[in-house]
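2 protein chains.
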Amino acid sequence: MFSFHVDAQDQDGRARVGRMRTLHGEVRTPVFMPVGTHGSVKSLSPEDLRSTGAEVILANAYHLYLRPGHECIRELGGLHRFMSWDGVLLTDSGGFQVFSLSGLRKIDSKGVTFRSHIDGSLHYLTPGKVIEIQESLGSDIMMCLDECIPYPADRLYTERSAQRTREWAMLSLECRRREGAALFGIAQGGMFEDLRRLSARYISELDFDGYAIGGLSVGEDKELMYHMTSVAVEEFPRHRPRYLMGVGSPEDILNCVDMGVDMFDCVLPTRNARNGMFYTSEGRLVIKNARYRADNRPVDPECDCYTCRNFSRSYLRHLFLSKELLVYRLNTLHNVYFYIRLMQKIQEAIYESNFSGFKTECLHRLSQHGGEDFV
Amino acid sequence: MFSFHVDAQDQDGRARVGRMRTLHGEVRTPVFMPVGTHGSVKSLSPEDLRSTGAEVILANAYHLYLRPGHECIRELGGLHRFMSWDGVLLTDSGGFQVFSLSGLRKIDSKGVTFRSHIDGSLHYLTPGKVIEIQESLGSDIMMCLDECIPYPADRLYTERSAQRTREWAMLSLECRRREGAALFGIAQGGMFEDLRRLSARYISELDFDGYAIGGLSVGEDKELMYHMTSVAVEEFPRHRPRYLMGVGSPEDILNCVDMGVDMFDCVLPTRNARNGMFYTSEGRLVIKNARYRADNRPVDPECDCYTCRNFSRSYLRHLFLSKELLVYRLNTLHNVYFYIRLMQKIQEAIYESNFSGFKTECLHRLSQHGGEDFV
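Chains as they are written, first to last, in my numbering: chain A, 49 to 423; chain B, 49 to 423.
To be clear, the hints were calculated from the coordinates, so they are not data collected in a lab. Quick caveat, the model's predicted, so the values are computed rather than measured. It is possible that part of the hints are untrue.
One copy or two, either will do: identical chains are not told apart, so a pair holds if it fits within one copy or between any two.
To be verified - Derived DSSO-like pairs: lysine-lysine, alpha-carbon spacing no greater than 27 angstroms straight-line:
id : residue 1 : residue 2
1  : Lys90     : Lys393
2  : Lys90     : Lys154
3  : Lys177    : Lys393
4  : Lys393    : Lys270
5  : Lys336    : Lys393
6  : Lys393    : Lys158
7  : Lys158    : Lys336
8  : Lys154    : Lys336
9  : Lys270    : Lys158
10 : Lys158    : Lys371
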């Protein structure tokens, strides 16, 4: 059922537009996927998400396994019905969460033991269990369990963990039962170019529906992140979607689309929204600044999202300073809309074989007020 | 411009339906007005409010005077435009807030000195200043500055403060400048029947567009609150709207409509929503209860609000336990919808001269799971 087709390739670089067919409809790539960890993109309703143009959202198998439980969600008709979202759902395996949220964790060749960050209970997850969880959720695109390592990590540890991720990837392929859902493999390899290349190559030898790059944007320099991404993408098959996990800023997305990445997810637009930072066509805008106190203009005069059509900077600043709940939704709506529109413009530019020019102009505009007072 | 017309009176009691004409459209009474203290009904957008059927919302002159400042809002085109609400706006004078939120306060015959609860700055509000603030906001229905006393309060203090509230009411009438906006007087009188009656009578002698009962629901017994309400309403003119400030539960509303009250505002539906307590046609429902873990039914099977049409108890419980921002909006939408629908049903019942029967049935249903585990 799942398929991917490259529709156009930019003439100058590796950027490309494509279409993924999934159990819940078609997705145009390059795509940005808003993050809905617990089965909700923070502050947004399914209607809100649709209004931004979002086609895929992300949920997290680890979190939903712990609460309310994947079996509970399966009994209620699956995650789509549970959260009332009829678009495409990608579920992350939870590898990253096991390694970042859980206090105790112990890895063996078969899986990982960890303590719940909610109630301290002990759990054991295997590659097969993680597939079972995602199939129970009714995910359209599932991710393999991988081992995420801390940064920095030494070469030996990185190599061993990449090897384990490879073995788990093979096990994952054997465990899938549900027809039609896609399964993506994840390449690791830390910050070592040769290990990144090897991991990407090994994963590419396995018959996944798509290929992901994990373990980046964990504290390393931008240039290193870009380099590792480029190295992995070079190894990935051309006819399958490429997904750079957890990345990134609009600038990151422009640069990585240029390397041939098709899919992105990141908490930046949603988290920054809740902190009062807007992405606009003229750069970043920090709403709490005194200069917006009596500013009747919309956040971004070029934007036609619900927030920009109805509310002024002054009102949003007032809501933000008053800690009014409405502001989190209004801000998030704008930032997600901004990201989705960016992806649509990227697609158009690639179709018109003008990605390089578009990227240059876009990076210039984004940097205009990039400084403001936002860190 | 402002007018009020009684369309029907229940045959058994004092309940009545009417229509208020305001600068921003017509309002059917009895009406419930959701509370938007800082210029936002917590978690709801103007579209959300419209979808509940709300016709009037409340904002607070005291809060908006302190932040962002009434002059700022006037310069930006008024409060309707500021918050993107084209329905009717009633602004409370802030009397209650001055006396409940401000640390220091000093009352003299001309006004009240207080410290801002935001930054500690000193302010002096007079009846005239409070009208000026509300006129700057572009309020459709303004309230006089009154003196709200603590509960319990002794007779002498209560009498003096009611007298001051009367003097301020006269000053307020002299100060209004803006054509078309309504101005309501407020009766005080604490918990003394004769003082309540006298205060209501004195205020009724002044030519206000409507008459309000202040200083109730401050900790006294229900029966006392009902009695004081009844006493005041008896003194109010029949051809003007009667507004019971800060009240109440669905039960309170049913009982006070029966006494001839036309307007209500209260934070209960919105605050309880944020605490996970729903009003339903079968009584109250506390969403965190374990029994709803895998409950696929809507919160209220008889309700057709957005929340009940799209989400299960199980999902709302999950969002609530996960502290997901979306849940505050979904819960608030339901509770406000419930209140507005209750008022519509009350209106229908009065038109059909069946208010007494409706009230009895409604109180019975509301009490069914009234206990649950909610305090």
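Margin query: For Lys158 and Lys371, with the copy left unspecified, which applies at a CA distance of at most 27 angstroms: within, between, both, or neither?
Written below: neither (47 angstroms within a copy, 34 angstroms between copies)
Next item on the list: Check Lys158 against Lys336 for me: Cα-Cα at most 27 angstroms, and say if that holds within a copy, between copies, both or neither.
Entry: The answer is neither: 50 angstroms in one copy and 36 angstroms across copies each exceed 27 angstroms.
Next item on the list: With 27 angstroms as the alpha-carbon cut-off, assign the pair Lys90 and Lys154 to within, between, both or neither.
Entry: neither (31 angstroms within a copy, 44 angstroms between copies)
Check: When no copy is named, should Lys154 and Lys336 be tagged within, between, both, or neither for a Cα gap of at most 27 angstroms?
Finding: neither (44 angstroms within a copy, 33 angstroms between copies)
Margin query: Treating 27 angstroms as the Cα threshold, decide for Lys393 and Lys270: within, between, both or neither.
Written below: within (23 angstroms within a copy, 61 angstroms between copies)
Check: Between copies, within a copy, both or neither: which fits Lys336 and Lys393 at Cα up to 27 angstroms?
Finding: This pair counts as neither: shortest intra-copy Cα distance 29 angstroms, inter-copy 43 angstroms.
Note to self: Within, between, both or neither: how does the pair Lys177, Lys393 come out at a Cα-Cα threshold of 27 angstroms?
What the structure shows: Neither: 39 angstroms inside a copy, 52 angstroms across copies.
Item checked: Identical-chain pair category, Lys393 with Lys158, by Cα at 27 angstroms -> neither (44 angstroms within a copy, 62 angstroms between copies)
Item checked: Lys270 and Lys158: within-copy, between-copy, both or neither at 27 angstroms Cα -> neither (34 angstroms within a copy, 64 angstroms between copies)
Note to self: Reference check for the pair Lys90 and Lys393, CA-CA at most 27 angstroms: within, between, both, or neither?
What the structure shows: Within one copy only: 25 angstroms inside a chain, 35 angstroms across chains, cut-off 27 angstroms.
Checked against the numbered hints given earlier, this structure breaks hints 2, 3, 5, 6, 7, 8, 9 and 10; the rest are met.
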